[in-house]
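2 protein chains.
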Amino acid sequence: MKAEIITVGSELLQGQTIDTHSMFLSQELLNLGVTVNFHSSVRDDQEQLLALLDLASKRSDFIFLCGGLGPTLDDLTKETLATYLNVTLVQDEETTKRLESIFEGASNLLTQNNYKQTFVFPDGVIFQNQNGTAPGLAVTKHRQTYICLPGPPAELRPMFETSVKPFLLELMPDVHAIVSHPLSFFGIGESMLEDRIQDVVKKSTNPIVAPYAKEYGVTLRLTAKGKTVSEAQRLVAPIRKLILERVGEYCYSERDELLEEVVSTKLRQLNKSLAVVESCTGGLLAHLITSVPGSSQSFKGGSISYTNESKAMLIDEGIVERYGAISMQTAEALAEQTQRKFQTHFALSTTGVAGPNESENKPVGLIYIGLAEKGKPTRVYQIKLKGSRRRIQLLTAKYALFILQQRLKKGETIT
Amino acid sequence: MKAEIITVGSELLQGQTIDTHSMFLSQELLNLGVTVNFHSSVRDDQEQLLALLDLASKRSDFIFLCGGLGPTLDDLTKETLATYLNVTLVQDEETTKRLESIFEGASNLLTQNNYKQTFVFPDGVIFQNQNGTAPGLAVTKHRQTYICLPGPPAELRPMFETSVKPFLLELMPDVHAIVSHPLSFFGIGESMLEDRIQDVVKKSTNPIVAPYAKEYGVTLRLTAKGKTVSEAQRLVAPIRKLILERVGEYCYSERDELLEEVVSTKLRQLNKSLAVVESCTGGLLAHLITSVPGSSQSFKGGSISYTNESKAMLIDEGIVERYGAISMQTAEALAEQTQRKFQTHFALSTTGVAGPNESENKPVGLIYIGLAEKGKPTRVYQIKLKGSRRRIQLLTAKYALFILQQRLKKGETIT
Chain A
1 MKAEIITVGS ELLQGQTIDT HSMFLSQELL NLGVTVNFHS SVRDDQEQLL ALLDLASKRS
61 DFIFLCGGLG PTLDDLTKET LATYLNVTLV QDEETTKRLE SIFEGASNLL TQNNYKQTFV
121 FPDGVIFQNQ NGTAPGLAVT KHRQTYICLP GPPAELRPMF ETSVKPFLLE LMPDVHAIVS
181 HPLSFFGIGE SMLEDRIQDV VKKSTNPIVA PYAKEYGVTL RLTAKGKTVS EAQRLVAPIR
241 KLILERVGEY CYSERDELLE EVVSTKLRQL NKSLAVVESC TGGLLAHLIT SVPGSSQSFK
301 GGSISYTNES KAMLIDEGIV ERYGAISMQT AEALAEQTQR KFQTHFALST TGVAGPNESE
361 NKPVGLIYIG LAEKGKPTRV YQIKLKGSRR RIQLLTAKYA LFILQQRLKK GETIT
Chain B
1 MKAEIITVGS ELLQGQTIDT HSMFLSQELL NLGVTVNFHS SVRDDQEQLL ALLDLASKRS
61 DFIFLCGGLG PTLDDLTKET LATYLNVTLV QDEETTKRLE SIFEGASNLL TQNNYKQTFV
121 FPDGVIFQNQ NGTAPGLAVT KHRQTYICLP GPPAELRPMF ETSVKPFLLE LMPDVHAIVS
181 HPLSFFGIGE SMLEDRIQDV VKKSTNPIVA PYAKEYGVTL RLTAKGKTVS EAQRLVAPIR
241 KLILERVGEY CYSERDELLE EVVSTKLRQL NKSLAVVESC TGGLLAHLIT SVPGSSQSFK
301 GGSISYTNES KAMLIDEGIV ERYGAISMQT AEALAEQTQR KFQTHFALST TGVAGPNESE
361 NKPVGLIYIG LAEKGKPTRV YQIKLKGSRR RIQLLTAKYA LFILQQRLKK GETIT
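Chains as they are written, first to last, in my numbering: chain A, 1 to 415; chain B, 1 to 415.
Hints are not guaranteed to be accurate.
Note that identical chains are pooled: a pair holds if it fits in a single copy or bridges any two copies.
To be verified - The calculated SDA-like cross-link candidates involving lysine to any residue, where the alpha carbons are at most 20 angstroms apart (straight line), are:
1) Lys-116 - Ala-82
2) Lys-116 - Pro-71
3) Lys-227 - Leu-366
4) Lys-386 - Pro-293
5) Lys-2 - Ser-296
6) Lys-2 - Gln-14
7) Lys-341 - Glu-309
8) Lys-272 - Gln-343
9) Lys-58 - Glu-47
10) Lys-165 - Gln-14
11) Lys-202 - Leu-73
12) Lys-341 - Val-201
Since the hints were made in silico from the structure, they are not lab data.
Please model the complete structure; the sequences and the hints are all you need to start from.
Structure follows, in structure tokens:
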């Protein structure tokens, strides 16, 4: 099965919007075992879109069209596809009722233009839109299936999940179940990770093993197809085991989650509390933690001691004077003072040179992370990072979370 | 002049990477007066790329090819283009010397594969790569110009700015100067902004007025072409004035910069200092400020008082008990205490409900931002935001910066 994705909208060609749909749909289709061979973006221009539809219908089985389903005259995706397929759109009763109920109480805002969205393909499929007014549409002609989806990501993504995916699975009679198992890694570069498992990636076809690199880590996705969910799961199991035997120490989660979510959940489960004190990360570590809903149950607060004066408000000035702000000793003292001040089980500290310039004659990227735990000796980790200020700050904050996560995993905590 | 952009790489079609080049190049080309009609992504597949080149050469004058210039066998953009144009690539002496000098001291790492990158088009143009090993290449055949650029954004973007843009300007004899003037707005929605200036946007062709929406604001870019820079500037001036007359109060910068950069620069210029205390933004405000290099000159530090206990460590417990943590009074007391504690000219405080659940029976999105200034009465701003937790936290932090920027702009500061 071959697919291609067409995104429609002049704003894409003017560089005003980035196309996130092609990436999202390509990932989802790969997981379904559908090969995506082309992405294209075109303007809201009937002639250009007609030419592209002609080309697409010759080279793909599934043609996804994203955007251009809105109520304005510019929006012409559906109408152009109807012209290309030589069919006449028909008004759908249920879609009309839905539209009118959305505008209930504001019917003065419902113009004739809006009714454009109630027209659908005869003999087509309608995907109702839970988050907007434009329904998604699918129509099969000759051997091609055309799938029109609304442009806003907040409409397209849930519609894909709830309606389009089941629709596609129905069209693939030999696939009954798909299992997709993520393995998220931190502290190992993408190329190093791929090096250590490249034989597995190459040899394994069911499950497919696909790496997705983020700015600070890599997620491997193991996707298996089978007659039943448990058959697909059985196929995933040995490959998962093989990968974890090789690089398991870097794996922080087997779910679609961020390091801060893992740490937040684990702290809550263990009923442990945390405070932070940040120099070089300047608030980013606390921000990552508090971006997780419900983090206030375990996160008690923190300090941003960005300057030496503000460090002296927290710890013995002599330490900074003797060893420097960027030192093991300062990281240690900051973490310990913060653990005592906030009366938490854990405290993390960061200090280092985020750049772009060196500081205290220490090089950009030299970082100390302290982890204090109530009733335990404090440990300080030295790391050396490369890259922009932004990258160094982000990686430092993520490393601090990783260090805490490793401690929580070991179950070394005392009650 | 019509252009199209082709990005090459199987990782794009598998959804492992997002295509940022098409957006970047479209913006830049729009500013040069070149219309971009198509974006396409294809796999590292010679046959598919050949078919696309054939199509592109029939519909565009400039064809940009991004990626696939690396040293591995997968990388076949240049080679496929040579096949399509029926030319033989030749080894370039200067490029070879550059490559060998990059690997100097590590010549054991320089394999035969690497020399692939020293082959160029006969009669073509070479754009040396300041940030990598693959040079950019341009070649004109019949009426089409093909421009091959390296895939990594950190290589492509500077190469475009320093080499490709001047190359393109040479090909446009009637354009001698381009002036692009940004106006950055905060606190006004995109549709509201467009509403208030839509007649200007529609009527103005030189300069073109193009809006670029971000998550928290909008930038308008006024781009004029002229025989000289001063002619282009003269064309920009009246349109700039007209727009600022209508929506100037929301404009925070006339440069390509973020709110935190504007605030950081202004604080340094005025030799003023700042501290923050964050409840609902949980470190994000401090993070935005400290993401700016050199911010330590004016930013002294801060506290994250995420829980009521941690607020009680800073201010009179009675205030939180009487009025609640999410209140004018708490925002006021936190800002004033922080200004005194850090002995700064200014202190910002944030408290509110970031969601997803309400708190103290107050609705999600209710926010208080306090601004304390040494020797001046403290002001507290109440705002109501909508959206996800992530969006509410980000907008709150940005609003706090905007409030401080407005104060700094008014010059109400005392020495």
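Here is what the structure says about each hint:
1. Lys-116 - Ala-82: within (13 angstroms within a copy, 48 angstroms between copies)
2. Lys-116 - Pro-71: within (6 angstroms within a copy, 51 angstroms between copies)
3. Lys-227 - Leu-366: Neither: 52 angstroms inside a copy, 50 angstroms across copies.
4. Lys-386 - Pro-293: between (31 angstroms within a copy, 16 angstroms between copies)
5. Lys-2 - Ser-296: neither (47 angstroms within a copy, 54 angstroms between copies)
6. Lys-2 - Gln-14: For Lys-2 and Gln-14, the Cα distance is within 20 angstroms only across copies (12 angstroms; inside one copy 29 angstroms).
7. Lys-341 - Glu-309: For Lys-341 and Glu-309, the Cα distance is within 20 angstroms both inside one copy (18 angstroms) and across copies (11 angstroms).
8. Lys-272 - Gln-343: within (11 angstroms within a copy, 34 angstroms between copies)
9. Lys-58 - Glu-47: both (17 angstroms within a copy, 15 angstroms between copies)
10. Lys-165 - Gln-14: Between copies only: 17 angstroms across, 31 angstroms inside.
11. Lys-202 - Leu-73: between (48 angstroms within a copy, 16 angstroms between copies)
12. Lys-341 - Val-201: Neither. Shortest intra-copy (49 angstroms) and inter-copy (56 angstroms) distances fail the 20 angstroms Cα cut-off.
Of the numbered hints given earlier, the model fails hints 3, 5 and 12; all others are met.
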